[in-house]
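Counting in our numbering, the sequence shown runs from 22 upward without gaps.
These are calculated hints, taken from the structure and not from any lab test.
Please note that a few of the clues may not be correct.
[Stated by the list, open to error] Pairwise CB distance ranges, derived in the manner of DEER restraints:
{"no.": "1", "residue 1": "Ser54", "residue 2": "Asp161", "range": "13 to 23 Å"}
{"no.": "2", "residue 1": "Glu137", "residue 2": "Ser54", "range": "32 to 42 Å"}
{"no.": "3", "residue 1": "Thr80", "residue 2": "Lys133", "range": "15 to 25 Å"}
{"no.": "4", "residue 1": "Thr116", "residue 2": "Ala170", "range": "15 to 25 Å"}
{"no.": "5", "residue 1": "Ser134", "residue 2": "Leu109", "range": "36 to 46 Å"}
{"no.": "6", "residue 1": "Thr106", "residue 2": "Gly143", "range": "43 to 53 Å"}
{"no.": "7", "residue 1": "Ser73", "residue 2": "Asp113", "range": "38 to 48 Å"}
{"no.": "8", "residue 1": "Gln138", "residue 2": "Thr116", "range": "34 to 44 Å"}
{"no.": "9", "residue 1": "Ala69", "residue 2": "Gly110", "range": "33 to 43 Å"}
Virtual Cβ for every residue (Gly too), placed ideally from N, Cα, C.
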Amino acid sequence: LALTAAGAAADVVPAQPPTKVARDLASVTSVVSQVSAAITKLDTTVKAFDGSDLTGVKTDAEALVSALTSGASALASGGDELSLTDALGLQDAVTPLGPAAAALVKDVTAKKSQFEQAGLCGTVDSAITDAGTAAKSLVDGVIAQVPQAVQSIAKSAADGLVDTLTKLASQFASDQC
22 LALTAAGAAA
32 DVVPAQPPTK
42 VARDLASVTS
52 VVSQVSAAIT
62 KLDTTVKAFD
72 GSDLTGVKTD
82 AEALVSALTS
92 GASALASGGD
102 ELSLTDALGL
112 QDAVTPLGPA
122 AAALVKDVTA
132 KKSQFEQAGL
142 CGTVDSAITD
152 AGTAAKSLVD
162 GVIAQVPQAV
172 QSIAKSAADG
182 LVDTLTKLAS
192 QFASDQC
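Using the sequences and the accompanying hints, generate a full structural model.
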């Protein structure tokens, strides 16, 4: 009886739409971890390349493009931008990509003569270009998650990966390899 009286006396509160929740840094970190692992795996395969069989390199390059593409899609598919606090932590989250990408570039460059002798420059150029395009999509997706006030900082930090892949692809262009 007391509950009935309390229910009758309570004010009616109109339903409100759900509040959007800011995307958390963990989702971006997860994507970065997957991409970093794909870069490291490809780098290991490149180092083992002996000039005879490109299958492993090609498979791992496709896996990298897939990780970049699916990461970009995951970031684009929902959630609001990161909170300012998480955006400030973003640099720490993406930092591992720099050294991983640099190692890959160093090792692909070191194997250039083997790729060239095997007549694979066009294949390598195409794979790197695909990875660069997918990396650009991922970078754009990450930047879109950052509050407007710090997007230029995020862009300058993240563009290094895209620039690195673009420079690497130019080494395997038809006039260079």
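Hint by hint, work out which the structure violates, then give me just those numbers in ascending order.
-> Hints that this structure does not satisfy do not exist here, as all of them hold.
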